[in-house]
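Asker: Listed below are the residues making up each chain.
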Amino acid sequence: MADLSTLQELRRSPLHDMATEIRDGGVTGDRAVQLVEQPFVTMVSVRIDPDSTGSRGIDEALGAPLPRRVGETSQAGGHTALWLGPDEWLVVSESDAESLVEQLRTAAGDTPAQVVDLSANRTVIELTGPGARGVLEKGCPADLHPRSFPDGTAIMTSLARVPVLLWKVDADHFRVLPRASLAQYVAAWLLDAVREFAPASPSAQAGA
Amino acid sequence: MLQIECPWCGLRDETEYKYGGQAHVAYPEDPSALSDEEWAEYLFFRDNPKGPFAERWVHTGGCRKWFNAVRDTRTYEFLAVYANNEPRPDISSLTGADTAGATA
Ligand SMILES: [Zn+2]
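As given, the protein sequences belong to chains H and E, one line each in that order. This note's numbering applies: residue -18 is where the first sequence begins, and numbers increase by one. This note's numbering applies: residue 81 is where the second sequence begins, and numbers increase by one.
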């Protein structure tokens, strides 16, 4: 059997074949937007009763309590827990998945819980720049205005009619997490959506 | 676009939800004791009121949780949302005097 490092060299992210297009697809100017895929990010699903002793164990292991309300995230020590439902979270982490799963399963103790490595389920598309919110607003039904979507908010919503997890780091930085099988569609939609955010070039105005 | 209030996620577009039919239809205690007619009644027959109707919804595009709602079938107005282990709310308190179309 191939060892793990060989497998990691062989693996391909969902947007591997679009890397050049994505890198060159950004626009500059007042409403600049840059896109980049953040591949192979550790994502671990946690399902547990939030009022149980096991969930308190998980709070301690993560270094911050699991968020309790829609949109909330909690961040500590390289882990961010995103609220997905009243008993479901996605932990996005800088740790490796295997040890994080082990750690959280141990922390849950005897409480019925589900801790699963879902890193391959989604990829991460980072949108940065002052135009990022405007691009997303073209295809997302959620209200992304800061008064209802502050920094650190993450929700399950849709973009271009397909389900995504949308995570706002700050005003100029959003993360879109589509399922792997929908990633190319979402990336292609985003690349098209950013085009109108480019400053009008003199040659374009001349009708070239 | 019609918006529906998920008990956990708040107001979201109708397209994030799927409909689950009439609420409070309990699985028979002892299915094998039922006559064919009673079994068919359980499987296929549902109320179809003109007015407030307690029904199941699932927030597929969000938290993926099931919940119950009372919706007025004449106006599409959602009169209440509640957890699916809670009893049906008193419909007359939701609609005032206008409950003639409601069925029990
Ligand atoms: Zn919901």
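Heads up, some of the hints might be wrong.
Which chain E residues face chain H? A few, computed with CB under 7 Å, are given here [to be verified]:
#	residue
1	D93
2	Y97
3	G101
4	G141
Note that these hints are calculated values from the structure, not bench results. Heads up, the beta-carbon is just placed ideally off N, CA and C, and yes, glycines get one too.
Asker: Checking against the hints above, which ones are violated?
Answerer: 2, 3
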